[in-house]
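The listed protein sequences derive, respectively, from chains A and B. Basically this note's numbering = 1-based index in the first sequence + 40. Basically this note's numbering = 1-based index in the second sequence + 247.
None of these hints come from the bench; they were simulated from the model. Some hints could be false.
If you anchor each label on the Cβ, the simulated ranges turn out as follows [said to hold, decoys possible]:
no., chain 1, residue 1, chain 2, residue 2, range
1, A, L93, B, K297, 27 to 37 Å
2, B, S314, A, G56, 17 to 27 Å
3, B, R281, A, K47, 28 to 38 Å
4, B, L296, A, N60, 39 to 49 Å
5, B, E257, A, Q101, 16 to 26 Å
6, A, Q92, B, L296, 27 to 37 Å
7, A, E45, B, K297, 36 to 46 Å
8, B, E257, A, K47, 44 to 54 Å
9, B, R325, A, N60, 38 to 48 Å
10, A, E45, B, L296, 44 to 54 Å
11, A, G172, B, S314, 54 to 64 Å
Please read these numbers as outputs of a predicted model, since none were measured by experiment. Just so it is clear, CB atoms sit at the ideal spot from N, CA and C, and this is done for glycine as well.
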Amino acid sequence: MTYDEAKMLMLSYLEGDLNNEDTARLDAFINANPAFRQEFNSTKNLWANLNQLETPEPSAQSKERFHAMLKGYKEGMEANPIPWYEQLFKQIATWWQGSYVPQAIMGIALLLLGLQIGYNLQKGKSENEINGLAKEVQEMKEMMMLALLEKQSASQRLKAVNMAYEMDNQNSRIAEVLFQTLANDENINVRLAAVEAIFQIADQAQVRQRLIKSLLEQESPIVQSAIIDVIILLQEKQANSTIQSFLKKENINPAIREKAQNTLKQL
Amino acid sequence: MQAVKAGKTEKLALLFERYQKPLFGYFYHLTHNRLSSEDLVQNTFYRILKYKGNFTGKGSFKAWMYSIARNNSLDYFRKNKNEHQSEEIEYWQDKLPEGSNIVESISDREDLHLLNAALSKLKPEKREVLILSKYQGLKYKEISAILNCSENTVKVKVHRALEMLKKIYCQLNINRDYDL
Chain A
41 MTYDEAKMLM LSYLEGDLNN EDTARLDAFI NANPAFRQEF NSTKNLWANL NQLETPEPSA
101 QSKERFHAML KGYKEGMEAN PIPWYEQLFK QIATWWQGSY VPQAIMGIAL LLLGLQIGYN
161 LQKGKSENEI NGLAKEVQEM KEMMMLALLE KQSASQRLKA VNMAYEMDNQ NSRIAEVLFQ
221 TLANDENINV RLAAVEAIFQ IADQAQVRQR LIKSLLEQES PIVQSAIIDV IILLQEKQAN
281 STIQSFLKKE NINPAIREKA QNTLKQL
Chain B
248 MQAVKAGKTE KLALLFERYQ KPLFGYFYHL THNRLSSEDL VQNTFYRILK YKGNFTGKGS
308 FKAWMYSIAR NNSLDYFRKN KNEHQSEEIE YWQDKLPEGS NIVESISDRE DLHLLNAALS
368 KLKPEKREVL ILSKYQGLKY KEISAILNCS ENTVKVKVHR ALEMLKKIYC QLNINRDYDL
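Chain B with its partners taken away, still in its complex shape (with noise of 0.2 Å):
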């Protein structure tokens, strides 16, 4: 990053080569949406381009780069408001199963399903820490430097949200009598 910084505006290549797929499965998860996340892909790198003035190297690129990919989607998220949201989780619920039960282990396709259209129906603000957590291999220390908080609010944080996807993923599967 350094040397793209420098002018060696070339070497981005070289760092979108590293980020492009983690970066894309950050924005699909968070939008379950294939173009719009390409598209949040495409415009984090030229915000790193634009912006390049001002990575310190104090923290990790690795960092920097999410902080800049977060606001990409918090606007995206405020011109969008949930309205593809809302139709991913009907296109899920629509194929949900009878009797899934996330306490053992997920084999069938139907109950991977449901459990992605829990996470769809989750808050992006409660997704993103398990996204990055969970998808991003991301430490909780280094989440702790993305979000701006403590490492213990980041565990508090990843705690509520898969507290808050259970209960969403026991709403879904109405079918069956769940117990947690």
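Excised from the complex, chain A in its bound form (with noise of 0.2 Å):
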């Protein structure tokens, strides 16, 4: 046994509360141990002389004071009650304090509010990643379309043109990629896929002018065609003097001007 170990105990046998167990255990100690023997002694010792101390009595006044006072307070309580708020918000306090349920209730109920929150919040913040992550790969694709756009083979430039149907339809810049691609394109197929990618994203007046206007521009009779079938297709009744204009040029594809005629006719 240590000393501090002793020194609890002394102190549980001052309070008359060490058990015979105990009581053995620090008998030993004290025997074996001639310095705490002498503490031991002179703190019993202490203890015991502290019963002679004398206590005196209160005087017979206080008690007259105090039924003076108890009157005093009843007589004030009756003179002055409490407001029924200032009650009621005594009892939910002395509830409150006096059991652990509704504390539980609501340290749960806190716990459910901050949960919510934080979901909300992570929530909020996986959105606009994946929004932002969305971005970058659009853009991503616009550059590798571009890219794909100035290479000499003509199937890469095809395939980049095809690569507008991945995108977003009401971004004006693959609008006007495709615009410069049905104008400047070499090859006849690129081109042709131009018009198919741009009658995709034909919901949008400012696209359909251009295309119609695109007919003037076009020598290939292919091209010519084809932009026609999406006249059609569109029933655009504005094409009308954009058709007329085209049939006064000269060295037209008569299948192609005949064609002309019929959709003016249809139109």
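Build the complex from these two chains, which are given one at a time in their own frames, with help from the hints.
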């Protein structure tokens, strides 16, 4: 047994709360340690001697004063009763302090609220992250499309034009690239692919107008035919004046001329 | 106490009958001043009335009452510092006998005065644990609830207070070569 343990047992002994087993242990320690025995004896005597100190009795007047105070308190309470809201507040405070149930309910409610807030914040964050990633992918695709359009190989450029289908059809930059391709690409197949891709985004009035106008710029009968087909499909009546201008051009393939004239009638 | 809390304030008289003397003893051993102790008892019961709504019933009434009494005594010492204490010590020191010995059982009245003087000189926080344990008959566990600490801490505090009390007693007993 250590000194600290013996000290604790000594204090329990003074309190009169030491069981037989611990009393025997304490005795053994006392017998084995003369220094502790001295401390134990002096503490024990001091403890006993403290009993002999007198405690005077309170005076008789103190009882009278108490009853006067109690009477005064009661009269004061009757004259100025506590307002109902204050009583209610006190009752709630006592109820809150007196039981763990309301505290537990409030704790769980706060935990759930915290989880909900955390979930919402996380959700908002995830959505933002997804939007950010989608934007980055879109930009990468655009860059790839532009890079492919610069290639010598027509099949690569064709692939680039077809990439337009995978992209946001409201993107004005994509429309611009497709019109540039339609106007400048030397390969007919690539230009035809551009016409088809433009048709996919032709729900925009501006795109339709520009496609109709491009009929005047095209020299290839196949491309001209494809543009006229799109005009028919779109039933774009505003194309009339453009087609009339187109018919005034010389060196138009007779089959295309006939097709254009029929289109005017259909519109 | 639950009846007092429910509004039957006249029931406080029963609690006063039961605890007036122990409380007076608690304050008297702390302050060594009769009148102040009576005032402090009065004030403690007034606070019990005033704050009856705060009594939750979770712990014992006794522990709650001593918590209020303790706050009262702390207020008292804040206001009065140690003025009256030193007067008491001087009073007892004048009456010190020659050759007091705490190791032997005290039979001489003057030795008791010496012990009383030593107790008065003990710092209030040290004196308090001794009073609660010795004069109020509270178990260490009950004291731990009042002081808001563990039972072992109370034991350590009691031990330190006793050691300090021995030391002060020896210092006061200057006329004799005292061996503890």
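inquiry  = Of the numbered hints stated earlier in the document, which are not met by this structure?
reply    = As far as the earlier hints go, not one is violated by this structure.
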